[in-house]
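Enquirer: Just so you know, the sequences run in chain order A and B. Numbered according to the numbering used here, the first sequence spans residues 164 to 462. Numbered according to the numbering used here, the second sequence spans residues 164 to 462.
Be a bit skeptical, because a hint or two may be false.
Listed next, the in silico SDA-like pairs over lysine to any residue satisfying Cα-Cα at most 25 Å (straight line) [said to hold, decoys possible]:
id, chain 1, residue 1, chain 2, residue 2
1, A, Lys311, B, Lys311
2, B, Lys311, B, Ala326
3, B, Lys319, A, Glu362
4, B, Lys319, A, Pro420
5, B, Lys403, A, Lys311
A short, non-exhaustive set of chain A residues, derived as facing chain B with CB atoms under 10 Å [stated by the list, open to error]:
id, residue
6, Met299
7, Ser303
8, Phe307
9, Leu314
10, Trp322
11, Leu324
12, Glu327
13, His338
14, His345
15, Ala349
16, Leu388
17, Ala390
18, Ile400
19, Val402
20, Val440
21, Leu457
To be clear, the hints were calculated from the coordinates, so they are not data collected in a lab. Here the structure is a predicted model, which means the values were calculated and not measured. Note that beta-carbon positions come from the ideal geometry of N, C-alpha and C, so glycine has one too.
There are 2 protein chains.
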Amino acid sequence: MRVAVIGLGAMGMGAALNLLRAPGLETAGCDPRGAARSEFAAAGGTAVTRAADLPAGTEAALILVVDAKQVEAAVFGPDGCAPRLAPGAVLIVSATMAPEEARGLATEAARRGLLYLDAPVSGGVAGSRAGALTVMAAGSGAAFARAKPVLDATAKRVWNLGAEPGLGMTMKVVHQLLAGVHIAAAAEAMALGIKAGIEARTLYDIVITAAGNSWMFENRMPHVLDADETPRSAVDIFVKDLGLVGELARSVAFPAPLATQAHQLFIAARAMGHGGVDDAFVIRAYQALSGIRLPGEEG
Amino acid sequence: MRVAVIGLGAMGMGAALNLLRAPGLETAGCDPRGAARSEFAAAGGTAVTRAADLPAGTEAALILVVDAKQVEAAVFGPDGCAPRLAPGAVLIVSATMAPEEARGLATEAARRGLLYLDAPVSGGVAGSRAGALTVMAAGSGAAFARAKPVLDATAKRVWNLGAEPGLGMTMKVVHQLLAGVHIAAAAEAMALGIKAGIEARTLYDIVITAAGNSWMFENRMPHVLDADETPRSAVDIFVKDLGLVGELARSVAFPAPLATQAHQLFIAARAMGHGGVDDAFVIRAYQALSGIRLPGEEG
Numbered sequence: 164m165r166v167a168v169i170g171l172g173a174m175g176m177g178a179a180l181n182l183l184r185a186p187g188l189e190t191a192g193c194d195p196r197g198a199a200r201s202e203f204a205a206a207g208g209t210a211v212t213r214a215a216d217l218p219a220g221t222e223a224a225l226i227l228v229v230d231a232k233q234v235e236a237a238v239f240g241p242d243g244c245a246p247r248l249a250p251g252a253v254l255i256v257s258a259t260m261a262p263e264e265a266r267g268l269a270t271e272a273a274r275r276g277l278l279y280l281d282a283p284v285s286g287g288v289a290g291s292r293a294g295a296l297t298v299m300a301a302g303s304g305a306a307f308a309r310a311k312p313v314l315d316a317t318a319k320r321v322w323n324l325g326a327e328p329g330l331g332m333t334m335k336v337v338h339q340l341l342a343g344v345h346i347a348a349a350a351e352a353m354a355l356g357i358k359a360g361i362e363a364r365t366l367y368d369i370v371i372t373a374a375g376n377s378w379m380f381e382n383r384m385p386h387v388l389d390a391d392e393t394p395r396s397a398v399d400i401f402v403k404d405l406g407l408v409g410e411l412a413r414s415v416a417f418p419a420p421l422a423t424q425a426h427q428l429f430i431a432a433r434a435m436g437h438g439g440v441d442d443a444f445v446i447r448a449y450q451a452l453s454g455i456r457l458p459g460e461e462g
Numbered sequence: 164m165r166v167a168v169i170g171l172g173a174m175g176m177g178a179a180l181n182l183l184r185a186p187g188l189e190t191a192g193c194d195p196r197g198a199a200r201s202e203f204a205a206a207g208g209t210a211v212t213r214a215a216d217l218p219a220g221t222e223a224a225l226i227l228v229v230d231a232k233q234v235e236a237a238v239f240g241p242d243g244c245a246p247r248l249a250p251g252a253v254l255i256v257s258a259t260m261a262p263e264e265a266r267g268l269a270t271e272a273a274r275r276g277l278l279y280l281d282a283p284v285s286g287g288v289a290g291s292r293a294g295a296l297t298v299m300a301a302g303s304g305a306a307f308a309r310a311k312p313v314l315d316a317t318a319k320r321v322w323n324l325g326a327e328p329g330l331g332m333t334m335k336v337v338h339q340l341l342a343g344v345h346i347a348a349a350a351e352a353m354a355l356g357i358k359a360g361i362e363a364r365t366l367y368d369i370v371i372t373a374a375g376n377s378w379m380f381e382n383r384m385p386h387v388l389d390a391d392e393t394p395r396s397a398v399d400i401f402v403k404d405l406g407l408v409g410e411l412a413r414s415v416a417f418p419a420p421l422a423t424q425a426h427q428l429f430i431a432a433r434a435m436g437h438g439g440v441d442d443a444f445v446i447r448a449y450q451a452l453s454g455i456r457l458p459g460e461e462g
């Protein structure tokens, strides 16, 4: 089976390398960045710059780009892969986007005789490298069946949220509400503790053994303790994803006060020039409002 | 060593039963409710109605009542235990209160020649029954030393936050910020998912295996899925505790937008008549705002 990964970023590269190792698959990768193509070619894959140059007869394309606009360009645009796909090929679309954008892309795919799996992922770069992504998928039985060899090689768990494309993204957006609020709440608690005289590392050690813990608190706050701004995932990602939460909530007439408030804090961190650093540094917004010193900062 | 537990509620009873089993301790318990006294007496403990009736010469009193006002009455009031305590006895005060209230009680204790351990706990009823509480403590070395036999029998971990009473409560209040925001965020995500067409149990199953998980999401949302309002901890507790977060934040000049927003949601649930039910049912506020049906509710 001829398969392709479009977007060899941190997530896409992990998935592509796992596909390369899977028996019975011929895997091509596509990325405009030369370094990504070199890495994938060195591992034995076919690497191309434009999706329009993917091998003819590709039967499944796993798309791990940034947003709906990039998906549209990579599939249906002038440099897109649509003409290279086999009849009845499946698009497995994992870029996070609004559910209605997923429905629009699925409609266009159907018009061209292509299957569409709405398939956002969770699990991060580590999960991607390990072939252990969680996929929140929605689509027809035929789309699931056609995508199976690709999902088998890249995911540890595939959830079926229903036949209607958009439900996968809906679940992903709801998930991002929790993720974003938890990071901002972690920053709020850490900053308040510092302001009120609690030693930051002790605060961390207590919370992670107690009922106030969250996956994000435990995973992100060490970046603050270590004064390490290297972006595993950047502030700007949650400026975008909590924006999607707001759009989804409005579209179904649902008020989301905590997500909205958390969004404002990520926007503030971005406004202060921290959009590109690790998302734990949404704590810079609290620092600006309260004058605290973070770990590693001189008195 | 003669010890006492004041307040034989769910938390206090667990601690008292563990003290009863500990070698070398003679344990008395105090509670105005006859049922609690009967349970404790049946287990072999000495049970009294008023703290003023505790055995003379009590050397350590573990106080697990509701708030600072109850602590003050139970120790220093006309029916309080102060006259029954041995010189240099230690008060181990675990009721959640504002840090400045803890400092006030510690000052009064010192005036009377008593030691004071500011010692809020986490771990819930299960932790209390298992003798596995987490204690966030602050006080003098003498207070820690005198309290040690009681802590050894009831806690799995005792954190020393410093010599100054109040730091224990500060840590507990910061912890409650996370706990309260996480419950409200869990409700917000669950309600948005339901409104947007995601099956509630699937949403739960996905989140608890993904990066959006929190201890509270995983622990509390089954109550919503099972339509079980039995209060393990009630909405009113977070009306109180997020109020303490607001007071602490104001007192150190720190804005806490997420905690403040979460507080409003618990207040709304209370306003709707749900103050006494399980805190997961803060989701009633979202239900009122969005018109969703919760699991178990007829169409």
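Enquirer: Evaluate each hint against the coordinates.
Expert: Status of each hint after checking the structure:
no.: 1; hint: A:Lys311 / B:Lys311; result: 59 Å, violated
no.: 2; hint: B:Lys311 / B:Ala326; result: 15 Å, holds
no.: 3; hint: B:Lys319 / A:Glu362; result: 21 Å, holds
no.: 4; hint: B:Lys319 / A:Pro420; result: 37 Å, violated
no.: 5; hint: B:Lys403 / A:Lys311; result: 51 Å, violated
no.: 6; hint: Met299; result: 6 Å, holds
no.: 7; hint: Ser303; result: 17 Å, violated
no.: 8; hint: Phe307; result: 16 Å, violated
no.: 9; hint: Leu314; result: 15 Å, violated
no.: 10; hint: Trp322; result: 6 Å, holds
no.: 11; hint: Leu324; result: 7 Å, holds
no.: 12; hint: Glu327; result: 8 Å, holds
no.: 13; hint: His338; result: 4 Å, holds
no.: 14; hint: His345; result: 6 Å, holds
no.: 15; hint: Ala349; result: 7 Å, holds
no.: 16; hint: Leu388; result: 15 Å, violated
no.: 17; hint: Ala390; result: 21 Å, violated
no.: 18; hint: Ile400; result: 12 Å, violated
no.: 19; hint: Val402; result: 16 Å, violated
no.: 20; hint: Val440; result: 19 Å, violated
no.: 21; hint: Leu457; result: 14 Å, violated
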